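Protein chains in written order, with the numbering used here: chain A, 1 to 222; chain B, 223 to 302; chain C, 303 to 561.
The set of hints was computed from the structure by calculation and includes no laboratory data. Any given hint might turn out to be false.
Taking beta-carbon pairs under 10 Å as the criterion, some of the chain C residues facing chain A (in silico) [what the hints assert, rightly or not]: (1) L401; (2) A404; (3) L431; (4) Y440; (5) R445; (6) R447; (7) Y451; (8) S453; (9) P489; (10) L493; (11) L494; (12) L497; (13) L500; (14) A501.
These numbers were taken from a predicted model, which means no experiment stands behind them. Glycine included, C-beta positions come from ideal geometry on N, C-alpha and C.
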Amino acid sequence: MSPFGALLRKDLRVELRTLRSLPAMALFAVSAFVIFRFGLDRTTLDGGLAAGVLVPTLLFAALLAINRLFVAEREEGGFDLIRLAPIDRTVLFAAKASALVIYLVILELIAVPIFALFFLDSVSGLLPFALVLLLTNIGLAATGTVISTIATMSSARDLLAPLILLPLLIPLVIAAAGAGEHLLASDGPDYGRFGTWLALLGLYDLIFLLVGYATFDFLLED
Amino acid sequence: MIPLAIENSDRYVGGAYLVFLLLLLIYVAIMAAKLQRVQRDLGSLAELAERPSREGADRDVGQIRDREQEIQAVRQGDRG
Amino acid sequence: MDMARALRSITLRRLAIATVLVMGAGYGLAFLYAPEDADQGFIQKIFYLHVPLAIVALVGFIVAGLLAIQHLRTGDSKWDARSYVSIHLSVIFGVGVLLTGAIWAKGSWGVWWEWREPTLVSFLIVFLLYATYYPLRYAIEDRDRQARYASVFAITAGAFVPLNFAAVRAAQPLVHPRTFSDAGGLPGSMLLAFLVCLAGMALLWVTLVRFELTSKRASGDLKRIRRALGGGDGPPSPARSIAPVATSAMSQMRAEGRR
């Protein structure tokens, strides 16, 4: 098995066994939905408001996972193993980012239906919105993995990652919420500017996957 | 409210340019403070170079002179 | 290497004089030559200050990213010092952008902040991002790692800047956008004044960067001398310094050590 496959499998197996991140993420999201219900004093959401609740909530839940992304490596000396192994260190970036995408997809498979149950009148926009979410997840994973690595090696790690990440993720929020505003409209999805948002998401993903791929080696240096 | 002889739009334009100049001045003031500190430290170092070191190692005159020259070079290098 | 020598021969003094001259000419043109804007009136004169500040700050952030790439490629800490100072000054210019933008907004529309102004909003986001540069450096003790991580940050953030602008622009409501006038479609005299102001602002940035780098080098060399004289490191500075120490010899040694 390739190093990438081995690393990815290890991460997924550890997560499955310890359930370190996923349950917390899902619970956080659902609790956040309830908070929004009372904070906004609304029982249905549509269009911009729906996107405005769903996308930031998913983003904050993602921060939970990103903060914990390298816990195992930090506690059990995984970084040294990677440094010593005769493999391209960028493989760790690919494996961690892929794991993060998988966690986010699983989170969304749980949280989005619950969101629809709580707030949405029409679910026909959810399928195209799933595509939007997938592209958003990739962007979250690319940027999140890089920043998580930086934060892990610093002393203020829990604080630093969200602090740096939130401004960096704003273009994702703009695109995802922008698309959601149209797709989750109460009278059914409308595809106005759908191409613009997809293009923005795609561009973001491309750029930050590239940046992560090019710089990850330097992060892992001793 | 004293009616200002300056028109409103003039006030805003003036305010904007003033803010810019203030930022610049604050920056220069901070850098000047840093420079003063460097100057002060250089002075104390010159003193240090002119008397024997605390470690009591033998410093011959040649070494002290070399160091004085180093300090001069630093001073000159940063004048340009 | 001739280019490097040529650049170094442009002394700080010459840069400063050039800056004063060009800025003086630029703002002279802006107020005495360029006509008053038909729509906005006199308040449009802020344009000659706000937009050059913005452009130079943004280019500065991107330049910092490029300098950071050089740092990672060569391991020479002088590139890190240059990247740090570039970000530092661009952040200060960014504060200027936000303040002058707020004043312009108040003068034009009566409000101190306008979400529909894409430059202002983009700058807010960029400022929020680069403000984390300092806590990032402060949180990493090891000098080498601090510099490397800061460089990765500078590259990531530099790539982020243009993307962020595109995103914020895309987010603007298609109806009733509210923007300050932008540099496109200006009549000739205004364009000339604007370009000279832009050149002046760019010169100011370069001068201040050179100024701060020189000052850092002096402090660094001072520490070296003090250490060599056996005087210890001198009185500790009040805050742990997070700025990269940019001495000429240290950076060379480190670069050699990396080979």
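Taking the hints in turn, this is what the structure says about them:
The restraint placing L401(C) at the interface with chain A is violated, with a minimum CB-CB distance near 19 Å, outside the 10 Å limit. Nearest Cβ of chain A to the Cβ of A404(C): about 19 Å, over the 10 Å cut. The hint is violated. The restraint placing L431(C) at the interface with chain A holds, with a minimum CB-CB distance near 4 Å, inside the 10 Å limit. Interface restraint check for Y440(C): the shortest CB-CB distance to chain A comes to about 8 Å, inside 10 Å, so the restraint holds.
The interface hint given for R445(C) is violated, since its Cβ lies 13 Å from the closest Cβ of chain A, which is over the 10 Å cut-off. Checking R447(C) against chain A: minimum C-beta separation of about 7 Å stays under 10 Å; hint holds. Given the 10 Å rule on beta carbons, the hint for Y451(C) holds: about 5 Å separates it from the nearest Cβ of chain A. At a threshold of 10 Å, the smallest CB-CB gap from S453(C) to chain A is about 7 Å, leaving the interface hint in force.
Interface restraint check: P489(C) against chain A, minimum CB-CB distance 32 Å, threshold 10 Å, status violated. Interface restraint check for L493(C): the shortest CB-CB distance to chain A comes to about 30 Å, outside 10 Å, so the restraint is violated. Residue-level restraint check for L494(C) is violated (minimum Cβ-Cβ distance to chain A is 35 Å; threshold 10 Å). Annotation: L497(C) was flagged as interfacial toward chain A, and the flag is violated, the nearest CB pair being 30 Å apart, outside 10 Å.
For L500(C), the shortest C-beta to C-beta distance to chain A is roughly 26 Å, which exceeds 10 Å, and the interface hint is violated. Annotation: interface hint on A501(C) violated; nearest CB of chain A at approximately 30 Å, more than 10 Å.
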